[in-house]
Structures are given as structure tokens and as C-alpha cells.
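Make a model of the complete structure from these sequences and hints.
Its first residue numbered 58, the sequence shown is counted upward by one per residue in my numbering.
For the record, the hints were derived by calculation from the structure and aren't laboratory data. Values in this document were obtained by computation on a predicted structure and should not be read as measured data. Mixed in with the good hints there might be a few duds.
Stated by the list, open to error - Derived SDA-like pairs (lysine to any residue); straight-line CA-CA distance at most 20 Å:
hint : residue 1 : residue 2
1    : Lys115    : Val71
2    : Lys115    : Lys74
3    : Lys74     : Gly63
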Amino acid sequence: MIDRIGICQICANVCHKDHDISYAKYGSFFCDCDVKEDDYNLSIKNKYIKYNTLRLFKLLQPYIDNKYQQIYYIENKFHFISEYLKTNNQLLSIETDENKQQQE
Numbered sequence: 058m059i060d061r062i063g064i065c066q067i068c069a070n071v072c073h074k075d076h077d078i079s080y081a082k083y084g085s086f087f088c089d090c091d092v093k094e095d096d097y098n099l100s101i102k103n104k105y106i107k108y109n110t111l112r113l114f115k116l117l118q119p120y121i122d123n124k125y126q127q128i129y130y131i132e133n134k135f136h137f138i139s140e141y142l143k144t145n146n147q148l149l150s151i152e153t154d155e156n157k158q159q160q161e
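Shown next, in the form of C-alpha cells:
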């Protein structure tokens with residue numbers, strides 16, 4: 058931080074990883090990187106992290122934040138997994154049937 062100008066830890070690791078920066082334990086500054094609770098830095102999205110990874114993170118965020126308590130009960134885990142597998146198997150069988158029909 059120089060003259061109240063600084064960067065947050067995320068920016069230091071991702072956007073400025075090859076720059077010569079030093080750690081300041083104390084200081085009052087505001088990093089304008091747009092990292093918020095429900096958002097992520099556009100430069101991080103565009104330059105360093107694949108879109109699918111961010112998309113997966115956004116889908117899993119409520120579970121990571123522990124907003125859906127029922128996922129942590131063991132019975133529900135098996136139920137969710139079995140439902141997921143059934144849905145995927147149904148989708149695969151539909152796609153396979155469509156491919157067979159197109160080949161005929």
C-alpha cells in the first residue's frame with residue numbers, strides 16, 4: 058500500500074502475481090476490483106479461470122455457504138445422487154434413441 062493505494066489478496070494472487078508487491082499488515086484502503094459476496098472480478102473471469110469452473114462454483118455456492126442444510130444428512134446425499142444419476146441416464150437414453158433414429 059502506497060499513499061492509501063493497495064490491492065486485496067485476490068488481486069495480489071491473480072492479477073498481480075508477477076509484480077513486485079509487498080504485504081502491509083495494517084492500512085485503510087479500498088480495492089476497487091469489484092470482488093463482492095455475490096460477484097467476482099471480471100479480469101479474473103476473463104483471464105485466469107475457465108468459464109465452466111466459475112459456472113460450477115456459482116451452482117455450488119449455496120451448498121458451500123451451507124444454505125441448504127438438508128444436503129448434509131446422509132440419507133439425502135444418497136437420494137440426491139440417485140436422482141441425479143436417474144436423470145442423466147434418462148437423458149443419455151433419449152440421446153441414444155435419437156441417434157439411432159437419425160442413422161436409420
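Results for each hint:
1. Of the pairs offered as hints, the one joining Lys115 and Val71 holds, with about 19 Å between alpha carbons and a cut-off of 20 Å not exceeded.
2. With a CA separation close to 24 Å, the supplied pair Lys115 and Lys74 exceeds the 20 Å bound.
3. Of the supplied pair hints, the one linking Lys74 and Gly63 holds, its CA atoms being roughly 14 Å apart against a limit of 20 Å.
Comparing the model with each numbered hint stated earlier shows that hint 2 is the single one that does not hold.
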